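**Student:** Given next are the chains, with one letter for each unit.
Number of protein chains: 6
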Amino acid sequence: MPIMPLIEYAGANEEVRAVFDDIKRTRNVEDVNNFWKVLANHPPTLRQVWEEVKQVMAPGALDPLTKELIYIAVSATNGCEYCTTTHTASARSKGATEAQIAEALAVAALANKTNRLANGYRVPVDA
Amino acid sequence: MPIMPLIEYAGANEEVRAVFDDIKRTRNVEDVNNFWKVLANHPPTLRQVWEEVKQVMAPGALDPLTKELIYIAVSATNGCEYCTTTHTASARSKGATEAQIAEALAVAALANKTNRLANGYRVPVDA
Amino acid sequence: MPIMPLIEYAGANEEVRAVFDDIKRTRNVEDVNNFWKVLANHPPTLRQVWEEVKQVMAPGALDPLTKELIYIAVSATNGCEYCTTTHTASARSKGATEAQIAEALAVAALANKTNRLANGYRVPVDA
Amino acid sequence: MPIMPLIEYAGANEEVRAVFDDIKRTRNVEDVNNFWKVLANHPPTLRQVWEEVKQVMAPGALDPLTKELIYIAVSATNGCEYCTTTHTASARSKGATEAQIAEALAVAALANKTNRLANGYRVPVDA
Amino acid sequence: MPIMPLIEYAGANEEVRAVFDDIKRTRNVEDVNNFWKVLANHPPTLRQVWEEVKQVMAPGALDPLTKELIYIAVSATNGCEYCTTTHTASARSKGATEAQIAEALAVAALANKTNRLANGYRVPVDA
Amino acid sequence: MPIMPLIEYAGANEEVRAVFDDIKRTRNVEDVNNFWKVLANHPPTLRQVWEEVKQVMAPGALDPLTKELIYIAVSATNGCEYCTTTHTASARSKGATEAQIAEALAVAALANKTNRLANGYRVPVDA
Chain Z
95 MPIMPLIEYA
105 GANEEVRAVF
115 DDIKRTRNVE
125 DVNNFWKVLA
135 NHPPTLRQVW
145 EEVKQVMAPG
155 ALDPLTKELI
165 YIAVSATNGC
175 EYCTTTHTAS
185 ARSKGATEAQ
195 IAEALAVAAL
205 ANKTNRLANG
215 YRVPVDA
Chain F
95 MPIMPLIEYA
105 GANEEVRAVF
115 DDIKRTRNVE
125 DVNNFWKVLA
135 NHPPTLRQVW
145 EEVKQVMAPG
155 ALDPLTKELI
165 YIAVSATNGC
175 EYCTTTHTAS
185 ARSKGATEAQ
195 IAEALAVAAL
205 ANKTNRLANG
215 YRVPVDA
Chain C
95 MPIMPLIEYA
105 GANEEVRAVF
115 DDIKRTRNVE
125 DVNNFWKVLA
135 NHPPTLRQVW
145 EEVKQVMAPG
155 ALDPLTKELI
165 YIAVSATNGC
175 EYCTTTHTAS
185 ARSKGATEAQ
195 IAEALAVAAL
205 ANKTNRLANG
215 YRVPVDA
Chain B
95 MPIMPLIEYA
105 GANEEVRAVF
115 DDIKRTRNVE
125 DVNNFWKVLA
135 NHPPTLRQVW
145 EEVKQVMAPG
155 ALDPLTKELI
165 YIAVSATNGC
175 EYCTTTHTAS
185 ARSKGATEAQ
195 IAEALAVAAL
205 ANKTNRLANG
215 YRVPVDA
Chain S
95 MPIMPLIEYA
105 GANEEVRAVF
115 DDIKRTRNVE
125 DVNNFWKVLA
135 NHPPTLRQVW
145 EEVKQVMAPG
155 ALDPLTKELI
165 YIAVSATNGC
175 EYCTTTHTAS
185 ARSKGATEAQ
195 IAEALAVAAL
205 ANKTNRLANG
215 YRVPVDA
Chain A
95 MPIMPLIEYA
105 GANEEVRAVF
115 DDIKRTRNVE
125 DVNNFWKVLA
135 NHPPTLRQVW
145 EEVKQVMAPG
155 ALDPLTKELI
165 YIAVSATNGC
175 EYCTTTHTAS
185 ARSKGATEAQ
195 IAEALAVAAL
205 ANKTNRLANG
215 YRVPVDA
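Residue numbers (the numbering used here), protein chains in the order written: chain Z, 95 to 221; chain F, 95 to 221; chain C, 95 to 221; chain B, 95 to 221; chain S, 95 to 221; chain A, 95 to 221.
Worth flagging that the hints you see were computed from the coordinates, not collected in a lab. Do not rely on the hints blindly, as some may be mistaken.
It does not matter which identical chain is meant; a pair holds if it fits inside one copy or across any two.
Said to hold, decoys possible - Under the rule of at most 30 Å between Cα atoms (straight-line distance), these lysine-lysine pairs were calculated in the DSSO-like manner:
{"hint": "1", "residue 1": "K118", "residue 2": "K188"}
{"hint": "2", "residue 1": "K148", "residue 2": "K188"}
{"hint": "3", "residue 1": "K148", "residue 2": "K118"}
Note that the structure is a prediction, hence the values are computed from the model and not measured.
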């Protein structure tokens with residue numbers, strides 16, 4: 095259960111509705127995810143996070159699919175159930191194959207392992 | 095300072111030399127990184143990690159550059175100085191531009207942030 | 095499901111009852127939280143943690159509400175569902191407004207993000 | 095050593111200078127911290143992070159000092175040397191006493207401990 | 095719900111069946127855990143992880159029970175519900191007492207706490 | 095550089111000296127580690143942490159060497175340089191062989207890896 099209620103469009107104020115409308119338009123969806131409905135309890139956070147997501151996840155030097163795979167790898171590292179689930183769905187909607195998702199998780203798993211070996215053995219950075 | 099000494103080729107046993115030779119051949123380098131020299135204190139770990147790195151980081155459903163960017167994002171998340179430095183160098187040697195590295199870090203930063211918002215607000219997974 | 099059973103007052107030994115009594119008296123509650131009932135499986139841990147909580151969370155240079163907000167921020171960072179939920183309730187019982195909780199989470203989210211940018215870019219500490 | 099060079103004002107482009115100017119004006123300082131000089135390698139990140147810092151760390155439902163203490167607690171949790179050092183300095187410049195910083199770290203330490211006890215024992219959330 | 099389906103023996107290919115057979119033979123169990131059924135969606139990961147588990151968790155300089163306790167401590171640190179639950183069961187099947195599990199968690203809790211004090215205060219390594 | 099100065103015995107107050115004396119007596123050492131000298135800036139933390147270390151690390155259901163190995167595994171997981179270094183030294187002083195330390199790190203590395211696979215694939219807990 096979330097620590098604050100889900101804010102639905104019908105009960106939202108102008109500021110929240112403007113962000114919800116932009117999310118729905120940008121993503122061409124009928125409703126926004128629970129993440130945005132919970133953030134709507136604090137409109138400045140809602141707006142700030144959405145603006146950042148729009149900017150950072152847009153096509154750039156990296157394509158959106160690669161960005162989703164990085165998102166999954168970090169979310170798995172941090173143990174965030176919500177984000178792992180959501181961004182796996184996003185990756186698939188952008189064309190990710192099951193093998194690509196599996197390889198992203200294999201790299202994340204390997205990095206988590208070698209990060210601890212490097213930190214545990216205190217390996218000095220190469221000259 | 096590492097918790098165990100760096101093992102150089104000259105002082106290594108047969109088992110360690112075989113792995114060092116394979117690393118040098120596979121990567122076409124004259125010497126192995128400190129990471130491998132430290133792991134050489136425990137040959138089963140050295141061999142196991144190298145075999146996994148060879149398998150997981152090879153071209154597959156994802157190309158090696160994408161894999162390096164995921165590695166950097168996870169290593170930054172875990173605060174591993176050694177791995178962040180090393181894999182940034184690897185990414186560049188595989189053709190990564192500065193903009194690609196910067197965007198990978200921007201996605202990692204955003205994911206670390208939304209992971210905590212989702213966990214802090216206890217957002218329920220969407221139906 | 096917890097890895098060890100919840101110990102209720104009726105089935106607890108003298109040592110556990112003494113701690114439960116102190117928790118109930120100190121907090122003016124009728125029953126202790128599940129956290130304490132599970133820790134009661136190992137009385138030395140139960141006693142040690144309760145003594146530390148009493149000492150650290152008491153009014154001092156920081157007021158109890160500020161301490162609860164720090165607790166929430168750290169628990170969200172570590173992805174602890176139980177602690178996030180419990181300390182959000184504690185913060186509210188000490189007078190926290192929804193805006194204060196939301197701002198604490200916004201700071202936690204920002205710190206998690208810049209921590210990774212600083213670590214990923216390996217920013218040198220300022221002179 | 096950072097993975098990308100520090101960008102000084104003299105060598106910065108218009109976009110970066112505009113952000114640097116705003117940081118210097120807002121904080122009334124003669125030069126920006128290394129964090130911003132490194133982020134200047136990727137102007138969109140520089141601008142986005144600065145806008146967020148300005149918004150989130152401004153006085154609101156929580157005062158700026160409380161926000162700095164939360165920042166320190168999260169940065170210590172994540173092991174970010176740069177952020178811990180910088181925000182301890184910021185907290186002091188906003189009037190934090192040594193006892194307040196020490197208590198913030200004591201709460202962070204306790205939360206990190208109970209987070210793992212709650213997760214390790216799998217304590218069920220209270221009804 | 096897992097992000098990929100559980101693969102049961104009946105529906106598995108040759109490669110997956112070979113690993114499942116080895117797990118069942120090595121552990122003398124009738125069926126494999128969900129962890130392996132999910133990894134079976136990506137046979138290279140399934141095989142690689144199982145080979146590593148067999149090697150690393152085998153009796154060596156440390157006995158298997160000590161290894162399980164270390165596994166629990168790390169899994170509690172990372173907040174992995176699945177691994178904490180599974181390895182607590184494994185530890186018990188290898189003879190761990192409740193007091194041993196409780197002490198392993200108490201050490202993990204203490205380490206998580208002092209790690210943050212050392213990182214937060216930036217304690218210099220002793221000469 | 096620590097965020098607060100190292101407090102040496104000569105400049106310490108009564109309360110701090112009492113703890114330093116107890117550490118030196120208990121461990122039979124001539125001086126205390128930097129960790130305690132930094133915590134001495136906040137005597138309540140110094141005393142509380144030392145009492146906990148004495149209690150938790152004492153022989154019990156687990157022997158002190160096993161406890162040190164768990165400490166190393168958790169500290170490597172959290173990337174704490176100070177704690178990793180110190181507890182590796184402690185483990186050796188209690189008789190740990192290089193192979194035991196290496197195996198503890200190999201288990202920590204494996205757990206860090208499978209924690210992320212379990213979290214990333216969202217593996218359901220076994221019935």
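**Student:** Now, for every hint given, state plainly whether the structure supports it.
**Tutor:** For each hint, the structure was consulted:
no.	hint	in the structure
1	K118 with K188	within (17 Å within a copy, 38 Å between copies)
2	K148 with K188	both (15 Å within a copy, 28 Å between copies)
3	K148 with K118	both (12 Å within a copy, 28 Å between copies)
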